[in-house]
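Protein chains in written order, with our numbering: chain A, 336 to 765; chain B, 336 to 765; chain C, 336 to 765; chain D, 336 to 765.
It is worth saying that the hints were derived from the structure and are not from the lab.
Do not rely on the hints blindly, as some may be mistaken.
When chains are identical, the list treats them as one kind, so a pair holds in a single copy or across two.
With a cut-off of at most 25 Å between alpha-carbon atoms, the simulated SDA-like pairs for lysine to any residue come out as follows [said to hold, decoys possible]: (1) Lys718 to Trp354; (2) Lys668 to Leu364; (3) Lys349 to Thr655; (4) Lys606 to Gln743; (5) Lys606 to Arg473; (6) Lys340 to Arg473; (7) Lys340 to Pro689; (8) Lys749 to Arg630; (9) Lys752 to Gly672; (10) Lys428 to Asp448; (11) Lys499 to Val665; (12) Lys373 to Glu680; (13) Lys428 to Trp354; (14) Lys349 to Ala652.
Chain by chain, the residues:
4 protein chains.
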Amino acid sequence: MSKVKNPSLAAAGKKELTWAESHMPVLKLIGDEFEKEKPFKGLTIGLSLHVEKKTGVLLKTLVRGGAKVFAASCNPNTTDDIVAAALAEEDPKNLQVFAWAGQTTEDYYWCIDQVLDAHPNILIDDGCDLSMRIHTQRPGQLKEVIGACEETTTGLTRLRAMEKDGKLRIPTLAVNDAYSKYLLDNQFGTAQSTLDALVRGLNILLAGKTAVVCGYGWCGRGIASGLRGLGANVVVVEIEGRLNTPDSGQHRAITALYSGYRVLDHMSAAKIGQVFVTATGNKNVLRKEHFEVMRDGAIMCNSGHFNVEIDEPALRAMSTEVKEIKDNVVAYKLKDGRTLYLLSEGRLVNLSRPMGQGHPIEIMDGSFAVQALSCQYIGTHRKSMKAGVVRVPQEIDDQVASLILKTQNVVLDKPTKEQTAYASEWQEGT
Amino acid sequence: MSKVKNPSLAAAGKKELTWAESHMPVLKLIGDEFEKEKPFKGLTIGLSLHVEKKTGVLLKTLVRGGAKVFAASCNPNTTDDIVAAALAEEDPKNLQVFAWAGQTTEDYYWCIDQVLDAHPNILIDDGCDLSMRIHTQRPGQLKEVIGACEETTTGLTRLRAMEKDGKLRIPTLAVNDAYSKYLLDNQFGTAQSTLDALVRGLNILLAGKTAVVCGYGWCGRGIASGLRGLGANVVVVEIEGRLNTPDSGQHRAITALYSGYRVLDHMSAAKIGQVFVTATGNKNVLRKEHFEVMRDGAIMCNSGHFNVEIDEPALRAMSTEVKEIKDNVVAYKLKDGRTLYLLSEGRLVNLSRPMGQGHPIEIMDGSFAVQALSCQYIGTHRKSMKAGVVRVPQEIDDQVASLILKTQNVVLDKPTKEQTAYASEWQEGT
Amino acid sequence: MSKVKNPSLAAAGKKELTWAESHMPVLKLIGDEFEKEKPFKGLTIGLSLHVEKKTGVLLKTLVRGGAKVFAASCNPNTTDDIVAAALAEEDPKNLQVFAWAGQTTEDYYWCIDQVLDAHPNILIDDGCDLSMRIHTQRPGQLKEVIGACEETTTGLTRLRAMEKDGKLRIPTLAVNDAYSKYLLDNQFGTAQSTLDALVRGLNILLAGKTAVVCGYGWCGRGIASGLRGLGANVVVVEIEGRLNTPDSGQHRAITALYSGYRVLDHMSAAKIGQVFVTATGNKNVLRKEHFEVMRDGAIMCNSGHFNVEIDEPALRAMSTEVKEIKDNVVAYKLKDGRTLYLLSEGRLVNLSRPMGQGHPIEIMDGSFAVQALSCQYIGTHRKSMKAGVVRVPQEIDDQVASLILKTQNVVLDKPTKEQTAYASEWQEGT
Amino acid sequence: MSKVKNPSLAAAGKKELTWAESHMPVLKLIGDEFEKEKPFKGLTIGLSLHVEKKTGVLLKTLVRGGAKVFAASCNPNTTDDIVAAALAEEDPKNLQVFAWAGQTTEDYYWCIDQVLDAHPNILIDDGCDLSMRIHTQRPGQLKEVIGACEETTTGLTRLRAMEKDGKLRIPTLAVNDAYSKYLLDNQFGTAQSTLDALVRGLNILLAGKTAVVCGYGWCGRGIASGLRGLGANVVVVEIEGRLNTPDSGQHRAITALYSGYRVLDHMSAAKIGQVFVTATGNKNVLRKEHFEVMRDGAIMCNSGHFNVEIDEPALRAMSTEVKEIKDNVVAYKLKDGRTLYLLSEGRLVNLSRPMGQGHPIEIMDGSFAVQALSCQYIGTHRKSMKAGVVRVPQEIDDQVASLILKTQNVVLDKPTKEQTAYASEWQEGT
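Chain A with its partners taken away, still in its complex shape (with noise of 0.2 Å):
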């Protein structure tokens, strides 16, 4: 049975499933495609998601693909209670929840513990707990298991390195780097969350201020964006070389600096910053030394899978007093008497409750057209896939940017055969 905050809530949270549901027309598409087919027939799928409206419609869709789905939090504060209690109301023979938000790290656990002891077949997971804890607690069930999906950055880069250690023993699709769901939520997804957190949590003013994002990846680069959009003067930090990624930090840094951002070291942004946002999947990003010269009033927040890019205990270890002054901003009074700011202890400020409500549905209704494909896929491959991190194949990539055009009555041209001919001929010069 679901566990969830407060069941009475339920009636809220199903007018924010119907007005999500009447914003995500491509989950729709899909949903009424399953609905004949039903792909899932047989199969269970387990779930460690923000769960919130929009992951609501997703485990709804799953659902009409024949599912049983078992969802968890991905993260102990940034469950909607109204929806999860909605969620719960919904189908409960075929739909289970189990989040709230405000989890302890017990309360967390024992929540994906809940999903797995469904015996799911596929996997979805945010950030790479679920499948971290299936791999590590429960080795004997990882047989039952035909694929995962894997929805971020930050939890590729785990599978990736648990790939290299040879310790990764399910399929599981890598559908953060699918083009329709890191083009699009991590750079324009992002970019809106994580502002309208920030407003909303404090009210500021972002014209004029000066912005410090770490990281320049898909989330930093939209957040700049974002930022310079309302005013404010954007510093980007990046880090010299490669980890994990494509490009180095310096090829960052350069498009950061070409598109009209300063580009500065760590310490030089600290002193300078009036609002820092994380989004670099790495450790102790902002730390001691930067805090120690950073502006009075500075404002911290992160929107990154994990709460280790800005090193709290080191924050809290310098304070004098640490105060909530208002719902999840945390004022750090230090002992030179300057006060620093951290939005929803630093964890992702654009899903953290009240602050963040995530990401914009239509968005979602991208990512998520993604998940629910790549699971279908798993489905029908389920004899051909080998254990590790799997590309979404480039039909489904295709498929999903297809029908975002098609439900915004965008209309692209065939290339002509001429055109066609031309792209595989070498022999045409000058």
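Since the structure of chain A is already known, use the hints to place chains B, C and D on it.
Then chains B, C and D, alone, in the frame of chain A:
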């Protein structure tokens, strides 16, 4: 002996070369190294590039490295005659140039042949005409060639088609595909130089104009962004599917859409555009059916490599009068009274004289740094390289990016040990 | 005695006030001065403003200056009840508040009347309802009023119409028209708060949406710029001619056009818009004829002062079903099956609870600094001021701007003597 | 008889005039009207304007209206000699031109004097030199002059200083201050033409450059926006206080800040800038103390009217070598080894030949439409106008804006009766 239009222009050309050199610090550092190490000692390098001041600095850098250098233009109309004159005079023993603006096709290939007569060991190509010529006309010389470099998306498309047909017999470094090249040159270089050409050649206002960008690859997105930066209302046109691109036209279209541009099919765009810029790498993108519906006074130009993107012969056939009304601006008077304008005969407007002056100097500093180091790589790896299109080694790509940042005084931090470790770690989760 | 919704919310409201105060350094400096000089000793100030945290800081600042302060809301739906509770508790002898969210028109004027019952000597108005009320209902009290301040474009339009009709009997400072107010508050404040309300209330993606901005005054151009900053494709609508504006609609239209927006007539825009924002200060800007052609799912909201810009009664009359589907989001189901959405009943979306939380704090710091100093000016110039709309003195306007810069650590040079002389010199030419 | 550099260039100049005419539809419509009504019959118009193709179209338009026209340049270096040649040939009985590029100060005033020798009845001035000359050297002719028009902010500053000193004896229409002029010409025209000059003259990359804009009036904000549009990182410099501006430097500074630019004092900006553009209308904005701290290779240019904004004599005095390294690019080699570059001797870079080609054609169509109609107004109101600086009548300003929109096919709705009524209504409130 070099052949240029007017050797007496050398003094003016020398000024241009000096100005360019003072803004190409990366090539300067590389040249200093070359001068010490003479990596090209005993080697002849043949080039087919746009012969203008930045190319001149590359040629001189290769000479510093001990090469004998023979250069032709890669386009009949892009040579800067004063620079060509200066280069011809520079160091006749080691550097010969065969190039002038306004060539016939016969002239063009005559120059290419002069370069091949020098029996080059390394080829540098821009659009692949030099490589094509040696493969088709002088296969006997192929064994003398240890490797080649290709500068453009267009050239690589041809080379990959050749490779697929089993015809490519030289190891060829895909210089275009280095991040240090396409992210900067294609995106930022083409944007600025295309706008420069348009504004300079026509003195028209871009603000308020409906500008149609055909093709939303790296060139197209730079051009779109630049046009918007000057106040144009930008419409993007893409195709459905993939013609030699990693992502589909659909993904490009959504990216354009979410960046705030309108995305339309070709015919709808043709009806409303006031300025058209093509950057697709394909053929007859604008053609009879589009000319028929365009607004009176519409202006068309091309920033793609070859002059096939706009179907000039069709336009000419539809016209009652064809007249060059300004340098490189041709008015096509149609039967129905409308006049359409085509710039630079549909050749790449950002390089065609006198309208275009090519990419900004600093951009070519980066692109040609990749060329210079790729040549060096070919020299030192001559034994291990096999025929086919080869990625530029990551070390070269990163090194050039580092040098660009260094010469711009941008400092990046290295990741901490902890961060490097975290990047290959997978067990640390929520 | 104050009347608010729920006095027990005071503690939460106090947190909000504290947060706001920490981001209103200009008002802090002015309050410090007031506390020393007590410019309002013996004076009663009556206000009709949006009662929320920033306004609370203004009220407290006036109390610091020795005033007795009585405040009502200027809108039935914009009161932040937790802040109202905190203000009611703050200093009951000197500060009384009559405001709550969700008022009927009767409630609304009852609150206004409480303020007038206190026999204010200075009025601060936002939309002119307080001034209107005293002129029409309590002319006898007019002689007790030494002056007033008006915050909005809309209020000034009404006041100037009154003045033209010979009915305005109070000297009224046009606070809205101070550069320190309208350049910042109308342009940057309205933009951020409107986007915040849209995104927060709906969780929709702005990127890629066709967004129609009706009215291209300072509010409209800020909104348009912000929407574009988040990836919307913006269409601007203006009228021909001048309705209480220095420049004509034509000039605004050309400025919008040359800024890269599309400019369309209302009907053409109605057909393509997905999101509509009105900011005209006029009436029935969107009306039956436009509702008839809008796309299914179109979303409408208003950022102008009064709820007359979108003809809600007409929309209601066209509908077969009217239903609040989320807080402050009403769906109008039309006979032909389309659904249109109206936010916050057409009241200013950026302030209507719970969607809107008003302008960014720092913006109101500037606007209310003008209010505070204008009140002080009224106090000290009570004898010399005549009935009518009066410009805010340039010294106040410049002083506030200087304080804003100072608190943001921006330093400007003074002109040199030579430059000052040159500015009044005319004989030095070519 | 006209005096130009080389009459044989007329054919080429005619091509330029024809191109310009085809993009000046507003002036065409006005000229058609003039041709019918001959408003200037019997009148002589003397002009001092930048003599290039767009000005040529204005001159021809005035001739169509029946005027005898005599034109000199308003700057020693901005004449387009090929256009001047074409104009000299055009209609010698009614149109004479005295202008060439590269004049000495003596040449310059000789040309002005030729115009005055024609005993003009109406003056059109750009920078006020013509009006100044007649006031100071030929006061006897003042009674023949029925009115004048001034094109620039700089000229109006001089005229208002004259008026304040009681020396202005001609009614002078402030053409610059018409919305149809300064909103478009100063903001969008100067931006595009300044960028064009920079890019064309130097071929440098703007992306990633730190660009300092001195002065944030309408010219400055256009330039800043254009630079950002091409990827520069823009720093704005302003002064504290007001020198002939409605708003203070503080207000301009905050607007720049909230638009996302950095705002710095002059000295801080001088230390970091790579490109400097002045547009202040004042003197010695960049001077010795700034040159002393600038980065090696810094580039300076001016887009303000007079060549006094950058203190060239001081720069020269500091230099060990001064050398023109390219057309209109002078390198100043300083004692400490740094080299600074000054473009076009500090004259307005966007008009100085060969770098600048002036504003976009469509912009001048609007500005010169105001000039043409203002001249007509002077003709018809000669009796009622008094000496002094006079606003351009609102009807002319609005008419030009309407014509611009009309020729761009933009349709605006008229306000409804109800809306017009509402705009003068004050009793309707909440």
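Violated hints, by number in ascending order, as checked against the structure:
1, 5, 6, 9, 11, 12 and 14
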